[in-house]
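**Q** Note that the protein sequences, when read in sequence, are chains E and B.
Residue numbering for the first sequence follows our numbering, beginning at 1 and increasing consecutively.
Residue numbering for the second sequence follows our numbering, beginning at 1 and increasing consecutively.
By construction, these hints were calculated from the structure, which means they are not laboratory data.
Any given hint might turn out to be false.
Below, a list of computed lysine-lysine pairs in the DSS-like style, where the Cα atoms sit at most 30 Å apart [unchecked claim]:
1. E:Lys245 / B:Lys260
2. B:Lys6 / E:Lys277
3. E:Lys277 / B:Lys260
4. B:Lys260 / B:Lys188
5. B:Lys260 / E:Lys68
Given the structure is predicted, the values throughout are model-derived calculations rather than measurements.
Chain by chain, the residues:
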Amino acid sequence: MIAERKTTSEPAIRTVGLAKNYGDVRALRGLDLEVRRGEIFGFLGPNGAGKTTTIRCLLDMIRPSGGKAEVLGFDPQRDSIEVRARVGYLPGELRLYGYMKAGAMLRFLNGQRGGRADWDYVEELAERLGLDMNTPIKNLSKGNKQKVGVVQAFMHQPELLIMDEPTSGLDPLVQQEVFSMIQEARAKGATVFFSSHVLSEVEEIADRVGIIRQGILVESANPADLIERALHRVTVRFREPVEWKPLTQVPGVELFNAEDGVTISLQVEGEMDALVKSLAEYPISSIETERPSLEEAFLVYYQDS
Amino acid sequence: MWTNFKHSIIRSRWQIIGWGLVLGFYGAYMVSFYDNLLGMQDQFMELIASYPPELLAAVGVTSAEELFSVAGYLNTYVFSYMPLIVGVLAILAGSGLLASDEEDGVLDLVMGHPVSRARLFTGRLLAFVTTLAAIAALLWAGLAIGTLTVDLGLGAIDFVWPSLSLFAALLFFGTFAVMASMLLPSRKIAAMAAGGLLTVSFLLTMFGTLDSTLATIADFSPLSYYQGGKAIAGVEWTWLAGQLAISMVFAAIALWRFQKREIRVAGERGFSLPRLRLRRTKAAQQA
């Protein structure tokens with residue numbers, strides 16, 4: 001069912017200085033990326049950052065202008081067939097043959113793999129996602145078409161899943177099912193590399209995230225570390241109106257909101273020790289701190305793009 | 001490769017059935033009408049004498065007497081304009097062989113699977129060739145069936161040669177369209193280029209029989225080497241071989257380009273033609 005696995009400690013995906021130019025546009029500007037085997041890696045970035053370009057370079061649909069890439073130890077261009085035999089790919093812009101039924105489309109794609117998928121497993125996946133295999137694709141909603149895409153990516157139990165926005169168009173219940181499938185695949189030793197704009201889902205399932213901006217990887221860490229490093233929001237309520245402006249002079253502290261002289265909201269980058277010591281001089285009624293979400297942590301990278 | 005061959009043939013089945021049956025019925029009817037034509041030979045000779053030479057040239061008639069030979073009759077009434085009519089199918093199918101799925105975005109998904117570009121291309125090309133051959137074969141079958149109603153002094157095998165000549169002409173323009181789709185920015189432009197070549201070729205061949213100046217230029221027209229019905233009287237094997245060989249060259253160029261090109265995602269346009277880019281630059285400067 002799965003092409004022979006290489007037992008190796010090599011990363012599942014590695015790019016070194018990967019570059020891609022479209023005329024004068026530099027879509028990738030020297031991307032250094034590493035995805036470890038057996039992890040779920042979330043690939044994030046604003047629109048036009050280079051996420052899809054990266055994925056398409058890894059699958060030899062487009063050819064890089066420079067740098068190097070390796071997928072499961074193989075060169076995507078020289079060993080293109082080997083790579084694609086081991087990868088389950090879900091494109092961001094999924095298009096299917098409208099005249100086919102869902103089941104026929106899956107059989108056709110299975111045929112491209114030499115019929116290797118276990119058809120009982122395919123039917124099991126379809127049932128889990130609530131996909132009717134006998135409906136013509138042209139009559140399926142966007143979400144149901146996406147289910148076909150998910151099934152075809154998983155059906156041959158690949159070593160590596162490369163998915164561009166896997167839950168696009170899916171309802172929350174089906175999204176959860178897809179997350180389960182991803183985690184089950186990881187438990188069986190597969191690596192999952194996916195891009196998404198839904199940061200809550202990335203936070204939920206990714207072991208690590210990489211953030212690409214303007215063709216360069218600007219950050220790579222696990223979600224918890226990213227959130228820890230992100231801006232915390234602190235809301236302070238004073239017992240009486242005070243002169244709070246000195247608080248904004250504390251390193252790493254910025255004013256977020258001041259409703260009146262009594263309640264202020266501050267954004268704190270890094271540790272809170274300096275702010276807490278400064279607050280000790282004030283008559284405080286209450287202090288609330290808000291843990292930022294991955295979305296807020298990530299928005300910093302979006303803002304300057 | 002066979003998965004893609006089977007898939008492409010199944011996709012083409014209604015074209016084979018539709019075009020093939022219609023051409024087959026038409027061929028059978030025209031063969032059965034031959035006796036009627038002979039019975040009205042005098043009236044037809046008068047009629048033909050009144051036609052402008054350009055019209056006669058358009059249907060491949062070089063002399064009125066030739067029209068009443070079996071080969072001339074079939075050439076005039078069946079084969080002379082077949083490349084223009086069935087050429088539409090060949091050009092549309094050829095230009096869309098890969099470009100259609102690429103522009104629709106489906107090729108992106110297919111290419112995510114372990115199928116080499118060469119095998120994908122070859123599978124689809126074989127299906128395309130088989131489609132054209134099947135249509136030509138159904139036309140042949142119709143002609144052969146027509147001889148059951150009238151004795152032309154010919155056997156079914158005699159109709160193989162004009163059908164083969166038509167197949168070679170369709171393959172020529174069809175593979176040109178495939179090549180154009182891999183070289184030009186879009187399927188539409190490729191179909192336009194191939195359609196333009198077919199139309200110019202048809203007109204050049206037609207007018208080349210009327211004007212000695214154009215006759216030299218007409219030697220470069222692909223349709224000048226299309227025998228059509230006249231192949232019944234004897235096949236020009238070098239012409240046939242030449243058309244098939246050039247078709248293979250077109251296919252080889254198309255394959256080479258397909259292996260080199262980058263697969264577009266759905267909706268992504270192809271490269272800009274240099275002239276258009278110049279216009280946009282001027283507009284940008286004026287702004």
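**Q** Run through the hints listed earlier and report the numbers of any the structure violates, in increasing order.
**A** 1, 2, 3
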